Structure formats: structure tokens, C-alpha cells
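Novice: Sequence:
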Amino acid sequence: MQAKRLVIENQCPIDIGQMIAGKCTAEYLSGAHGSGRALIVTDREVSGYYMKKFSEAFSGTGGVPAHVIIDGNPSSKNTEMLSAIYERLSDLDYDYVIALGGGGVIDVATFAASTFGKGIKSILVPTTMLSMLESVMATHSTLHFQSRKDMIRVPMSPAYAVVDITFLKTLPARYLANGIAQIIQYGLIDDPSLLHALASSKDLDALIEDALRIGGNIHKSQPELLAFGKDLADGIECYFRFLKYTPGEAMALSLLAHCPSVAMHRLYDRLGLPQILTEVTKDALMKRIAHSIGKPGKTVELIRIGPLKKPVIDRVPFDTALKFYETALAEICH
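To get our numbering, take the position in the sequence shown, counting from 1, and add 155.
Calculated from the structure, these hints are not laboratory results. Here the structure is a predicted model, which is why all the values come from computation and not from measurement. Incorrect hints may appear among the rest.
[What the hints assert, rightly or not] Below 30 Å or equal to it, Euclidean Cα-Cα: the simulated DSS-like pairs (lysine-lysine) are:
id	residue 1	residue 2
1	K464	K478
2	K465	K442
3	K375	K464
4	K453	K442
5	K399	K450
6	K450	K478
7	K442	K464
8	K324	K159
9	K450	K464
10	K437	K478
11	K385	K465
12	K375	K385
13	K273	K178
14	K399	K478
15	K375	K207
16	K450	K385
17	K385	K399
18	K375	K273
19	K399	K437
20	K385	K464
Kindly generate the complete structure, drawing on both the sequences and the hints.
Specialist: Dropping the structure here:
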């Protein structure tokens, strides 16, 4: 399939299509300045499915890139993952790091590229729906510290990204939900047509393209609203130390807590998204959230659905925020 170039303001060039990942990446490197020497960073599962075919695309362009395999589990997104990449980057004078995998692999690979020497350019080849929608738009690479999510960060500006929808054919349904939650967030923030598209089973290629464009618009015009839903989602993930709920499942639960309408429940039923938080009490989560949002007696920033049915940012007293979160959690904690 022919690749389609997406031009989104303040974002790197993005090519989207099917069966294009290896070909587009190889062509980009062959036209790049310098040697075009690249190191592929991936995980064992993605390597097993795709590395052979992805690497074959480079056979006529001066050599197959070297690669290093890391743990792609989101709970392993920490500084311990960096050493294996640094060791390989020390072997040769690389011009690019190719991040081939989901969001965890992309964060670790781009973090290593940004912090090694004077910095190395990154090429993103996301293999999950969430990383196709979120990682290609990200402005920072982030790592976890203990049970605290994304506490270590460095600026990240990829040179190029390839969104190959073919990767989603081998993605388990549970992880497809990660990307669906991101689309729901974009729809609630900026364009409800995304929610209608999800409900009507719109063509996946077109849905992801629309979501990328809308996500780009949010990043440009109201980036502060991208924190909508992350308050509860991060609390859920961190409580379970990133082991029970995927980022998308946690975000889906948070968005439902913020917007507990009949229409949202119907959409979640259709998409198979979780609607009830299990194995934790509301009180236990409230302790974590109270610790993360600020200090008693102070005002805190709260993003919630406003009168026009879209997220707005309010500055409210600490106690008011706690009451809001107690009410929201009651929607998903039974």
C-alpha cells in the first residue's frame, strides 16, 4: 500500500499506511544526511513477529541495521533498561535510533538517544495503537521511578515516524483498548465526531488518521487539556505498580469516572472497555490521589467536564477537589 504523508504543525513528518514500515524507514535513512547508520531498539515479542521482514527492507540500502532487544513491559520502563542501549551505541558512530515497538520501547529508546553523548536522532515505528496516537505526538521521553509514573523525563523531538496499521493485526484486544481510550480522550476534549466514529466501527486507517490530526490540533491549541483523565488513570496504574491495568484500561476507567453518561456506558459496552475498578477500594485510591494533587489548605488545578460538556481547567480549594474525586471514583468503584 502507498504511504500517505501527514503534515501536522509542530510534529515530525508522519507516513501512514499498511505494509509500509520497513520500506519507508529504509527510504528515509537512504536519503538522510550522514552515514544513515541506525540502531533498532525493540522488544522480544515485536522482534519475533516483525524483525525479519522489517530488516529485509534495508537489504538494498547499504546494510541491515544492528538491533538490541529490551523488555517492552510498561512496568519495566525505568533507568535499568538504558544500559543495554548505551552499550550498543558505544560500539559505532550511529546517526539514528529506530524505536520499533509500543510506548514503553519508544520511551526507553528515545530517552537513551536523547541522553547519549550530544544526542542522537530518533525514528519512531510504533506497533500499538496507543503509541501510534500518543508517542508520535510526545514532546518528552519519560521513565518511571519506583511506583511513580513518568517521573524522569527529557525533551524528545523525533526526526520521522511511520504509522503502519498492519502491526495492529497481531495486537491483543486488551492492548487495542489502550489506543481506543486515547481516541475517546481526544473526542471528549476537542471533537465528539471521534466518539461517533468509534460507535459506528469506522475504518481503522481513517479513524487513526483523524485521531492524529485532532491530537495534533490539541497539542497546538490547548495542550494543557491533554492532562484530562490522567489524574485518576495515573493513580490507578501506580496503585497496582503498573501490573494490573494497562495505561489504556486505566485511562478508560478514569474517563468514565469523569463522564458517567448512559452514552459512554453504551460505547464502553460496544468496545469491551472496563467499567468497574476491582481489587481496590475507593478509600485506598483516595489516599494516593490526595497525596498527588497538592496540599490541604491550598488551591489545586482540576480538569473536569464543564457546562459545555467539554473539559475545563478550574482552580479549586483542596477539599473541593477531594470531594470531586470521591464522587468520580464512586462511579467506577463498587
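Novice: Would you check the hint for K375 and K385, treating anything up to 30 Å between C-alpha atoms as holding?
Specialist: 19 Å, holds
Novice: Within a Cα-Cα threshold of 30 Å, do K399 and K450 meet the stated pairing?
Specialist: It holds: about 28 Å lies between the C-alpha atoms, which stays within 30 Å.
Novice: Taking only the CA atoms, is the gap from K399 to K478 under or equal to 30 Å?
Specialist: 26 Å, holds
Novice: Need the status of pair K375, K207: alpha-carbon distance at most 30 Å?
Specialist: Judged against 30 Å, a Cα distance of about 37 Å means the pair is violated.
Novice: Take the C-alpha atoms of K464 and K478, compute the straight-line distance between them, and say whether it is at most 30 Å.
Specialist: 20 Å, holds
Novice: Measure nothing beyond the straight line between the CA atoms of K385 and K399; if it is 30 Å or shorter, mark the hint as holding.
Specialist: Holds, at roughly 17 Å.
Novice: Given the hint that K399 pairs with K437, does the C-alpha gap stay at or below 30 Å?
Specialist: Holds: K399 and K437 sit about 16 Å apart, inside 30 Å.
Novice: Hinted pair, alpha-carbon criterion (30 Å max): K385, K465. Please report holds or violated.
Specialist: With Cα atoms ~16 Å apart, K385 and K465 stay inside 30 Å; holds.
Novice: Holds or violated: K324 with K159, Cα cutoff 30 Å?
Specialist: 19 Å, holds
Novice: Given the hinted pair K453 and K442, is their Cα-Cα distance within 30 Å?
Specialist: Between K453 and K442 the Cα gap is close to 17 Å, so the pair holds against 30 Å.
Novice: Hey, K385 versus K464, does the alpha-carbon distance stay inside 30 Å?
Specialist: With a Cα-Cα distance of about 18 Å, the restraint between K385 and K464 holds, given a limit of 30 Å.
Novice: Holds or violated: K450 and K385, Cα atoms, limit 30 Å.
Specialist: Holds, at about 19 Å.
Checked against the numbered hints above, the structure violates only hint 15.
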